[in-house]
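Please arrange chain B on chain A, whose structure you already have, making use of the hints.
If you read the sequences in order, they're chains A and B.
First residue of the first sequence? That's 1 in my numbering, and the numbers climb one at a time after it.
First residue of the second sequence? That's 566 in my numbering, and the numbers climb one at a time after it.
No wet-lab data here; the hints were simulated from the structure.
Take the hints with a grain of salt, since some may be wrong.
[To be verified] Derived lysine-lysine pairs resembling DSBU-like cross-links, with alpha carbons at most 30 Å apart:
hint, chain 1, residue 1, chain 2, residue 2
1, B, Lys660, A, Lys411
2, B, Lys713, A, Lys336
3, B, Lys660, A, Lys335
4, B, Lys721, A, Lys181
All figures in this text were calculated on a predicted structure; none of them were measured in a lab.
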Amino acid sequence: MKQTEYDVVIIGSGAGGGAVAYTLTKAGYKVAVLEKGRLIRREEFSKDELAYCRRDIVTPSLFDEYHVIEERINGKWVATPTYDSGWSFWNGNIVGGSSNFMSGMLHRLHPDDFRLKSKYGAIRGANVVDWPICYEDLEPYYTLAEDLIGISGHYIPHPFEAPRSTPDFPQPPTKENAVVKLIDQSCKKLGITPLVTPRAILSQDKGHRNACYYSNFCGSYGCSSGAKSSAREALLTPALATGNLTLLTNTHVKHLVTGSKEKINYALAVDTVTGKEKKIYGRLFVVAAQAHESARLLLNSANKDHPDGLANSSGELGKNLLFSGGGSGQGELHKKSLKHISFEELMQTGLFVNRSILDWYFIDDWWDGKFKGGSVEFMFEHQNIISRALKHNYNGENLVWGEALGKRVVKRFTEQKSIRFEIFNDWLPNDNCFVTIDPKHKDKYGMPVGKLRIEGHPQDVKVGNYIAKKCESVLEEMGAKNIYSSISNAPAQNLIAGGCRFGNNPRTSVLNKYCQAHDVPNLFVADASFMPTGGSVAYTWTIYANALRVADHIVEVLRSGSRPT
Amino acid sequence: MKRRTFIALGSLVGVTPYLKAEPFSTQRKAFQETRETIAAVQTHMFPERSHLPSAAKMHTIDFTEETIFHPTYDKDIRAFVIEGAKTLMERENGKFLSYTAEQKEQALRAYEQTSHGRNWLSHIMVLSMEAIFSDPIYGSNSNEAGWKSVKSFGGKPRPKTRYIEL
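Looking at chain A on its own, in the form it has when it is part of the complex (with noise of 0.2 Å):
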């Protein structure tokens, strides 16, 4: 029987994979879209806090499926598997990916954050180098991202915003709370521009997919209404419409088969309810399984002509893998103590404080010097009952109960709001931020685990703390109380980018500048693997608008009809 042949073949159906989907589907080709989870439906979500915040239901079990963490500890690496530090670096396995959960606050890269190295210069012990393109060459992806996923804002002119082709967005802003009253007048008494957040939640209904419905828990939640720009409801539910895309989901890859040295044949998988391996025969192979995943799968699918792993010529693969520099702060806002807006107004639910900050993006400070900064969002502490109740149980070391515990609780809900700040700076990309495939521990299904090395760098704590000094005056401002503050060099694992750097030197990157791989021309990779430098915004706009601009080469490319070159 003959093998289907897809044109392309996609092993992750994220931002990245959902977005070079949509372009190949529509453009008449046939796809296939692998994704190791299920597909969840809008209608199947639901606001389950103890389902989707506290248990593994979306990703998979720690004790099934895992990384190794090695951190250094008084000086020495220490490698801890995930299934006994319960920190997982899995994010929404499941059609669609982690953009399902995601806030959706979200910013262009800066014009400078593509040419680091020569604008800042070295910095010692950071792998800065600017990136193979510009931002003029992914500013129409970014408009294209803007309106094929719905990204709802109001544009306020700012020296460290990215310039724009189009004059504002297309959806206005999301409905807010009053407190943005109080951070703008604060912000302005202090000499700061507060902006308003780009957010990738629809404000009005665009076609298939209706606008906000403000349920009051949108982060680490799916959306019930599809205004949320998942990768699910803005790009593959369309691409599906078109016939062209086969989506097979419990579909996990183990690793990619070359029939020669420069060409995939097939990708072996194994379906994950049945535990029956088949192969994938595709023209293309595209890999969007998360930065520290596509490394993974790259290196476990090393063979006698590429021992070191696919595509890894350079031995950069698996290297330089960023996360997010920064961290977060958060002060509460007292009953009493409140001042221009109500507590009533102040405790409305549902409704987003779409406050960003770019004053700090870049920093010149005469005290402190010329270096680059970081963005701050603003928002409410998250709303789920459960986690916020386990705040505050504790006295000292000793466990709080019975009626003292009531009267805390019930005062935390009833008399305060707390508001809170995240911080984004760069994880300066390090030789000791890397992933590599663990020698000893394997997955359920056989293949060797990720192993990732994390340290950040100093410069990114420095960093973090001149911006969180900031934030906190704000907060003071705004009368809020209790106010802190952490930074650190510990990694969110929400946020991972890196490990493919692109750039025009096969010998010192994994990809070219459209994304293809040097050594193997029929393998592109399309999430956030590719970024040599992070910048200083949450990357999920740049992954879809990159990614879109991945799919218009290999349009090109199939077009042609000619060997991938």
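Chain B only, in chain A's frame:
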């Protein structure tokens, strides 16, 4: 501190053999032997007239049993929940259930002075809070009493099944 290191610290005072996964049926039986003790501790933590719904009215022990034996629950913590209750019973020579509230308070505070006891009580607190504030579909938080007590309510749509039908 890492989560399982946290559990393992407790194991230093006697739980180690039990953290080696026992058969499910053995754990079920062991839970039944400790059920009343766990329920009594939850009742002590969440008594009547304490601003929050009581453990007894919210049937937190039923929630606890169903939760720890669900496939999504960490099997090591399940073993620890059972073993921690056994240790408490042994520490109090089997008399814990007959204690007055004051005696229970003394016993639990003394148990809290050990790393084992402190970790175990923390897990019982978490399971009780999960019961009282999770969606009523899980069998506790009856009539949304937990949510009403803090004037905060779960979002919509509410779950139609427990754990979205694994």
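Structure-based check of each hint:
1. The straight-line distance between the Cα atoms of Lys660(B) and Lys411(A) is roughly 36 Å, outside the 30 Å bound, and the hint therefore fails.
2. For the suggested pair Lys713(B) and Lys336(A), the alpha carbons sit about 22 Å apart, so the restraint of at most 30 Å is met.
3. The hinted pair formed by Lys660(B) and Lys335(A) fails the criterion: a straight-line CA distance of about 46 Å is larger than 30 Å.
4. About 27 Å separates the Cα atoms of Lys721(B) and Lys181(A), which keeps this hinted pair within 30 Å; it holds.
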